[in-house]
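Chain B: place on chain A using the hints.
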Amino acid sequence: MLGGLARFVLRAVRAAARLTRAGRWVMLRVLINQIRFTALQAIGLVAFLAAILAFLVISQSIRQLGRFGAVDNLGTIMVVAVIRELGPLLTALIVVSRSGTAIAAEMATNRVMGEVTALEAMGIDPYIYLVLPRMLGAIVSVATLMVLFDAVALVSGYVAAATSGMALSRYTAIVLKTLSAKDVWLTLVKGVFFGASVALFCSYHGLAVKAGPTEIPQAVTRGVVATIVAIFILSAVFVVVAA
Amino acid sequence: MTASPASIVLGPGVTEIAGAPPLVYRNVDLLGRPDLPDRRFNLVIEAGAVVAAIGEEDSGIEALGGLALGLLAPTSGSVEVFGVPIAQLPYYELLAFRRRVGYAPQGDGLLQNLTLKDNVALPVRFATDHRLREVEARVAQLIDDFRLRAIVTLRPAQANEEDRRRAALARAAALDPKLVVLELPFVGLTSRAALDLLEKVSRCDDGSRRAVLLTSRDLTPSVRGLVTRVVRVVDGVAVEDKK
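Going line by line, the protein sequences match chains A and B. Under my numbering, think of the first position of the first sequence as 1, with each following residue one higher. Under my numbering, think of the first position of the second sequence as 244, with each following residue one higher.
Here chain A stands alone, though its shape is the one from the complex (with noise of 0.2 Å):
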């Protein structure tokens, strides 16, 4: 599988370079719909994810800490568990499961109705039209989308704080204090990684399907696990990278 995985990004990759003008024009319309799909119509998930993740972290946290005066820890747990680890572990998982499936069943889909051989027929190469916007737009998604959901936890986590009495300052400076431009570009770097991994995944497996319709769900299947392990596995490498 890894041989093929390989050969399906470099066939990606080789795709781009073969981009005509008007087609620039249809794949940026493909890729502006990919992702007002992936991203825009999940914008309402991943903020209340977020929100109530952050919430129930820090109102924890401080009760917790609290008992051993240990508060101003209350930031490393909002940074390195939620920011860092939590955001972009959760964000890629709501992607697979709403674009990643569709991905692979549409991709599934196309190929089971001939619609890849139809594009091979007319000189087209698939790779270009399907694969291509679908993984740029995954990217570019999954990228925005854990950005928001940090912004959207930190919010959430001076409510959770809040209500348990901190002042404003008091949480922005314990927050401030572990909170660095690493974890930002560490974000958008694991953006890039885990919106690659699940449309690479997703679209690999949806056009595997050979046989016929039955095949569809088995390669929804595949795709999202293999996303999710890939995922999981990247988070791990990337702890190790950034020590």
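Quick caveat, the hints were computed from the structure, so don't treat them as lab data. Every residue gets a Cβ at the ideal spot worked out from N, C-alpha and C, and that includes glycine. Some clues are possibly wrong.
Distance windows between CB atoms, simulated [to be verified]:
1. B:A339 to A:M113: 22 to 32 Å
2. A:M113 to B:H373: 19 to 29 Å
3. A:L45 to B:G431: 38 to 48 Å
4. B:E305 to A:T214: 14 to 24 Å
Take a look, some chain A residues computed to stay more than 10 Å from chain B by CB distance [as the list claims (entries may be wrong)]:
5. R36
6. V140
7. R170
Part of the chain B face toward chain A, derived, beta carbon under 7 Å [to be verified]:
8. L338
9. R341
10. D372
11. V430
12. G431
Structure of chain B alone, referenced to chain A:
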């Protein structure tokens, strides 16, 4: 490898021969039966000829389109398009080469998530490097030629069979190829509609005749009037060839 001035080198060991017939099947096994060496298909389609290959189900005519586009590789013999053994072309050269051949697969091969207009525009947008306004002008011309103006915004599932077929043939003629391959193009059409479509698709933009290979179960007398040769295929062999 050296090539004559009138030839074009398309890939390693593959050269287009100037003046070669648009399509040649030489000792091709249409049935996938290597144990029957006497069942081999031979056919030469000259420039400007409209050839109908007629046969029942499992006669082997289903494979003719795929073989002509290099979507299938012949298990025996060879298929030459403009003198090029198409199955020997490397993938990206094959994609580029297919733009010289118009193709309407069985059914219609339209992309279901695109409007009829976008389907017609696909090859011009992705397989040429024209400017956007040149692309739009060409698409508008095709839409008028194939009388699609009133229904261009419909998706294939919303259009009737005749309109879908019109769109598929407009797409096949989009790049003004010298050879068009049509698989069962008249199923479900009235003989008047079939005649109209064949007349349109068999003419190049400059008014000259283009070579057409169409497969069919049978031909109505009116359509037969436009066909220059009728080849009856039985068990993978051309048994009757009428001019």
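Against chain A, is B:V430 within 7 Å by beta-carbon distance?
B:V430 check fails; min Cβ-Cβ to chain A is 16 Å, beyond 7 Å.
Do the numbers back the hint for B:L338, that is, is its least Cβ distance to chain A under 7 Å?
With a closest approach of 5 Å, the B:L338 hint holds.
So does B:E305 sit 14 to 24 Å from A:T214, Cβ to Cβ?
23 Å, holds
For the hint on B:G431, just tell me whether its beta-carbon gets within less than 7 Å of chain A.
18 Å, violated
Given the range 19 to 29 Å, decide if the beta-carbon distance of A:M113 to B:H373 lies inside it.
Taking Cβ atoms as reference, A:M113 and B:H373 lie about 28 Å apart, which means the hint holds.
A:R36 remote from chain B - nearest C-beta pair above 10 Å:
14 Å, holds
Taking the least C-beta to C-beta distance, is B:R341 closer than 7 Å to chain A?
With Cβ-Cβ at 4 Å, under 7 Å, it holds.
B:D372 was flagged as interface toward chain A. Is the shortest Cβ-Cβ separation under 7 Å?
5 Å, holds
Outside-interface status for A:R170 - nearest CB in chain B farther than 10 Å
About 53 Å separates A:R170 from the closest Cβ of chain B, which puts it past 10 Å; holds.
Any Cβ of chain B at or closer than 10 Å to A:V140, or is the non-interface label fine?
21 Å, holds
Given the hint of 38 to 48 Å, is the C-beta distance from A:L45 to B:G431 inside that range or not?
45 Å, holds
Satisfaction of the hinted span 22 to 32 Å by the C-beta atoms belonging to B:A339 and A:M113
Holds: the Cβ-Cβ distance is about 25 Å, inside 22 to 32 Å.
The structure shown violates the earlier hints numbered 11, 12.
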